[in-house]
Amino acid sequence: MLLFRSEEHVEQSGKAKGALMTPEQMWRLADTWYRDRDDPAWRRRSAEEAEEVFAQIGLTGEFWKLS
Amino acid sequence: MSILVRVRIAVLERTIASGQVPTAGEIAAELEMPVAMVQEAYARLGESHVFVGEPGDPSRLRMANPFSAVPTAFKVTARGGLYYGNCVWDALGIVALLGGEGVVETSCPDCSEPLQLSVSDGKLLESEGVVHFGVPARHWWDDIVFT
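Heads up: the sequence lines are chains A and B, in that order.
Residue numbers are given in numbering that gives the first Met the number 0: position 1 of the first sequence equals residue 0, and the series is strictly consecutive.
Residue numbers are given in numbering that gives the first Met the number 0: position 58 of the second sequence equals residue 57, and the series is strictly consecutive.
Please keep in mind that the hints were generated in silico from the structure rather than gathered at the bench.
For clarity, every value in this text was computed on a predicted model and none was experimentally measured.
Where is the CB? At the ideal position from N, CA and C, for every residue including glycine.
Do not rely on the hints blindly, as some may be mistaken.
Now the in silico label distances, taken between C-beta atoms and shown as ranges [stated by the list, open to error]:
hint: 1; chain 1: A; residue 1: R42; chain 2: B; residue 2: A16; range: 21 to 29 angstroms
hint: 2; chain 1: A; residue 1: K14; chain 2: B; residue 2: E127; range: 17 to 25 angstroms
hint: 3; chain 1: B; residue 1: G18; chain 2: A; residue 2: E6; range: 30 to 38 angstroms
hint: 4; chain 1: A; residue 1: E23; chain 2: B; residue 2: P57; range: 38 to 46 angstroms
hint: 5; chain 1: B; residue 1: V34; chain 2: A; residue 2: E10; range: 33 to 41 angstroms
hint: 6; chain 1: A; residue 1: S66; chain 2: B; residue 2: G18; range: 32 to 40 angstroms
Within a straight-line C-alpha distance of at most 27 angstroms, the following computed DSSO-like cross-link-like pairs (lysine-lysine) qualify [to be verified]:
hint: 7; chain 1: A; residue 1: K14; chain 2: A; residue 2: K64
hint: 8; chain 1: A; residue 1: K16; chain 2: A; residue 2: K64
hint: 9; chain 1: A; residue 1: K16; chain 2: B; residue 2: K74
hint: 10; chain 1: B; residue 1: K74; chain 2: A; residue 2: K14
hint: 11; chain 1: B; residue 1: K74; chain 2: B; residue 2: K122
Whenever a hint applies, use it, and build me the whole structure from the sequences.
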């Protein structure tokens with residue numbers, strides 16, 4: 000997961016099309032994903048739970064499917 | 000707490016405190032456990048995709064997610080420390096883990112221009128650029144270093 004200056008720069012780089020998101024979406028995903036990582040009660044999310052987190056920030060479709 | 004949880008928490012706490020992902024020997028000394036037991040925990044945490052082991056070295060981790068054990072293009076300053084994330088997701092994850100206050104510095108892979116994301120009080124302040132995911136979610140762990 001890389002941060003590019005703009006969508007044009009992604010295209011110019013020749014990277015596989017993949018998926019794009021805004022830094023705001025990335026922050027929300029990172030915050031949800033990692034904020035409690037040092038809690039002893041933390042456990043890895045199931046595929047369904049992870050997909051739910053993706054959907055909450057607008058990441059839906061085949062690219063974001065884990066199950 | 001189970002051994003796996005104790006090792007996981009000790010690794011994260013030590014990384015947060017020092018900026019360096021600890022070896023199995025360091026964690027063994029801290030938790031007063033045999034090194035082999037910590038190596039086994041490192042292996043199991045790697046198998047369950049919690050951390051990523053260093054290939055060929057059971058005493059080291061490549062990633063103590065969200066932290067990278069080696070310098071990367073994703074530098075994080077937070078809570079007075081310097082850290083490296085494995086990608087922009089993990090770099091922002093370090094900021095989240097450290098309380099939602101910090102700065103991620105990276106550069107555009109196309110033009111090398113420096114880019115920065117700042118978070119304060121749990122909110123993203125500056126928002127330049129666009130995040131690119133090259134690998135579909137279900138293939139992320141096929142080759143996590145590449146991902």
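### Query
Looking back at the numbered hints, which does the structure fail to meet, lowest number first?
5
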